[in-house]
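Here the protein sequences come in this chain order: A and B.
For the first sequence, counting from 1, position 208 maps to 208 in this note's numbering; every step adds exactly one.
For the second sequence, counting from 1, position 55 maps to 391 in this note's numbering; every step adds exactly one.
Hint data in this document are derived by calculation from the structure and do not stem from the laboratory.
Be a bit skeptical, because a hint or two may be false.
So the derived list for chain B, only partly shown, Cβ under 8 Å to chain A, looks like this [to be verified]:
#, residue
1, SER358
2, ASN523
3, LYS526
4, SER553
Beta carbons are placed, not taken as given, at the ideal position from N, Cα and C, and that holds for glycine.
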Amino acid sequence: MVRVGIIGIGKMGISHLAILGANPDVKVVGVCDTAKMMLDAIEKYSPFPCYSDYKKMLEEAKPEAVVVSVPTKYHASMVQELLEKGIHVFTEKPFCLSPEQGAPLVELARKKGLVNQVGYHNKFVGTFNEVKKIVDGGYLGEIYHFLGQAYGPVVVKAKGDTWRSNPEEGGGCLMDYASHVIDLINYILSPITAVKASMLKSVFSREVDDAVFALLELQNKVTGVLSVNWSDETFRKMTTSVTISGKKGKIVSDANELKVWFKEGPFPEGYSKGWNVRHVTDLTPEVDYYLRGEEYSAQMDHFIKTVAGKASNTINTFESAWLTDRAISLIKKEQA
Amino acid sequence: MERILFGDNQFFAVNHISDEKSMAQSMKFKEDAAIIKTLDIAREAGVETFMCTTHDRIANICEHIRNNPEKYRDFKIFPCMPYAHKYANAVTELGIAGTLKQYVPGNFFGSLFKGGVAFLSKDYLKIMELLIDAEMKMFKGINTPVIFLQNVITDLLLGLGMTDVLVAYHDYVQKKYNAEAGFITMNLPKLLETLEAAGIKNPIICASINKAGFRMSGGKERYEEILKQNRCRVIAMQVLAGGAVSPKEAIEYVCRLPNIESILFGASSKTNINETVSLIRQFDKEVVPIP
Chain A
1 MVRVGIIGIG KMGISHLAIL GANPDVKVVG VCDTAKMMLD AIEKYSPFPC
51 YSDYKKMLEE AKPEAVVVSV PTKYHASMVQ ELLEKGIHVF TEKPFCLSPE
101 QGAPLVELAR KKGLVNQVGY HNKFVGTFNE VKKIVDGGYL GEIYHFLGQA
151 YGPVVVKAKG DTWRSNPEEG GGCLMDYASH VIDLINYILS PITAVKASML
201 KSVFSREVDD AVFALLELQN KVTGVLSVNW SDETFRKMTT SVTISGKKGK
251 IVSDANELKV WFKEGPFPEG YSKGWNVRHV TDLTPEVDYY LRGEEYSAQM
301 DHFIKTVAGK ASNTINTFES AWLTDRAISL IKKEQA
Chain B
337 MERILFGDNQ FFAVNHISDE KSMAQSMKFK EDAAIIKTLD IAREAGVETF
387 MCTTHDRIAN ICEHIRNNPE KYRDFKIFPC MPYAHKYANA VTELGIAGTL
437 KQYVPGNFFG SLFKGGVAFL SKDYLKIMEL LIDAEMKMFK GINTPVIFLQ
487 NVITDLLLGL GMTDVLVAYH DYVQKKYNAE AGFITMNLPK LLETLEAAGI
537 KNPIICASIN KAGFRMSGGK ERYEEILKQN RCRVIAMQVL AGGAVSPKEA
587 IEYVCRLPNI ESILFGASSK TNINETVSLI RQFDKEVVPI P
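Generate the whole structure from the sequences, applying the supplied hints.
Dropping the structure here:
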């Protein structure tokens with residue numbers, strides 16, 4: 001049994017808590033939030049011990065691992081404190097407000113030998129992993145272009161004041177939404193190292209960006225486009241996709257469907273010349289408990305397994321999330 | 337419950353395998369008349385139960401049904417609440433308390449006495465009742481014999497160990513609407529054990545059941561074992577597993593399983609509706625004595 005505590009039970013935290021609660025290898029030893037409304041509900045109806053002060057929770061409940069799902073501006077200080085206390089950490093994305101904030105934490109986690117993971121759940125989506133396999137296998141030939149996109153209906157009218165609408169606190173489409181696509185590009189292709197141009201647009205928000213468009217260059221010198229808009233109501237929910245063009249083929253994939261076109265062989269096993277379509281139904285490993293998508297359960301299972309020494313700490317490490325923070329900061333710097 | 341239930345995913349651009357298809361559906365069903373026409377095709381095929389989410393547009397469909405009582409005399413709706421994306425998007429924008437303020441009917445803090453008191457006294461079950469009432473408003477005057485809790489809420493409560501809330505939902509729906517409570521879930525084995533332990537026997541559970549084992553959390557074998565034991569009234573959904581197996585194979589599998597009371601499916605075209613209905617009827621005759 002892994003003794004887990006959770007700090008923050010907002011939209012993501014509550015889902016992490018349910019997934020942890022359903023995991024037979026986890027004992028939830030503490031739930032912490034400063035919002036009385038949610039905490040009272042947990043206290044009243046759930047079997048978990050509740051705290052309004054996380055320091056008190058760490059002291060009394062003595063978790064060996066903690067899930068941090070609080071607004072981004074609190075990540076750095078909390079993560080540092082947890083690591084210093086020798087606690088394994090899963091934190092929500094984005095990792096920190098800036099690469100400068102995150103860098104010492106990457107080092108600290110390494111030095112202490114603690115499990116560190118960030119909640120970029122797309123790395124646990126079957127289609128995107130299949131894309132990575134095809135790319136890594138070199139089946140697309142020399143890659144010359146990519147397009148990373150995400151659209152959804154988050155801010156569709158001019159109102160609403162939460163931390164997500166405050167640029168100082170990690171709000172905005174770039175940090176909250178585009179970070180998923182950036183992380184996916186870093187993972188599938190190569191880390192973003194330069195930004196040729198970028199535009200951050202407010203559509204409905206007063207203080208933050210609602211859309212991000214950028215021209216990117218990767219460490220391997222491949223270039224491509226990022227296009228993300230969370231004020232697009234033509235999408236029912238967040239839809240993330242990648243298009244990758246190579247000299248021998250092209251992939252278009254979202255979380256549900258992977259379409260790949262091959263000009264010539266060799267092909268990955270099961271694929272052939274021309275268009276090939278694969279669905280998430282065929283590419284998704286089963287989970288023991290499902291809440292909002294297999295990927296949410298799978299990423300938490302992976303964290304728990306890593307803490308228990310049954311998996312290695314290679315997916316969504318602080319280091320990989322730091323590369324995403326760095327790309328975010330480059331996009332901010334280059335904005336027109 | 338009828339053997340075949342008609343679902344609504346296609347009307348609201350819910351497509352688990354293709355975002356492109358999802359957008360095409362959103363165009364096809366832009367007008368309410370297109371939804372009504374498709375429902376009528378299903379009725380002609382003998383499917384008189386519509387299982388649908390409490391999406392805003394369902395209110396217009398309900399209005400049409402109320403206005404044509406003769407035509408829809410035998411028609412039933414199984415509401416499934418809540419339409420989760422409405423709340424999920426609102427939570428990102430307004431926070432949890434802000435969302436409750438927006439959706440609990442009346443002025444949350446004052447003018448509506450029940451709501452204000454419930455909020456201030458943190459009577460969460462009362463807040464839940466108010467939300468159920470708000471979602472049920474559109475179905476006034478329509479036969480809704482079973483009322484479902486959507487899987488995202490059922491499974492969230494399940495994971496949080498909030499069994500009392502599941503039970504409260506079950507009891508309130510019976511008491512207030514004289515209807516049976518149903519639970520949609522992606523975790524049938526775990527849910528059933530939890531409900532049984534809380535004293536709810538033979539519950540109505542709608543779950544993903546398909547030959548591919550897709551979204552059958554806890555394992556296909558456990559589902560099949562539970563079905564043999566006849567411990568709950570099961571509605572099989574996602575029987576086509578997003579197209580992973582052929583319709584014929586998919587339906588044969590579900591029809592061969594014991595103790596599946598109903599099969600839920602959705603389709604946009606007359607051809608697909610008629611094909612699915614006739615496949616179910618054909619396999620029911622051939623392979624399974626319905627207990």
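So, going through the hints one by one against the coordinates:
no.: 1; hint: SER358; result: holds (7 Å)
no.: 2; hint: ASN523; result: holds (6 Å)
no.: 3; hint: LYS526; result: holds (7 Å)
no.: 4; hint: SER553; result: holds (4 Å)
Violation of the numbered hints given earlier is absent; every hint is satisfied by the structure.
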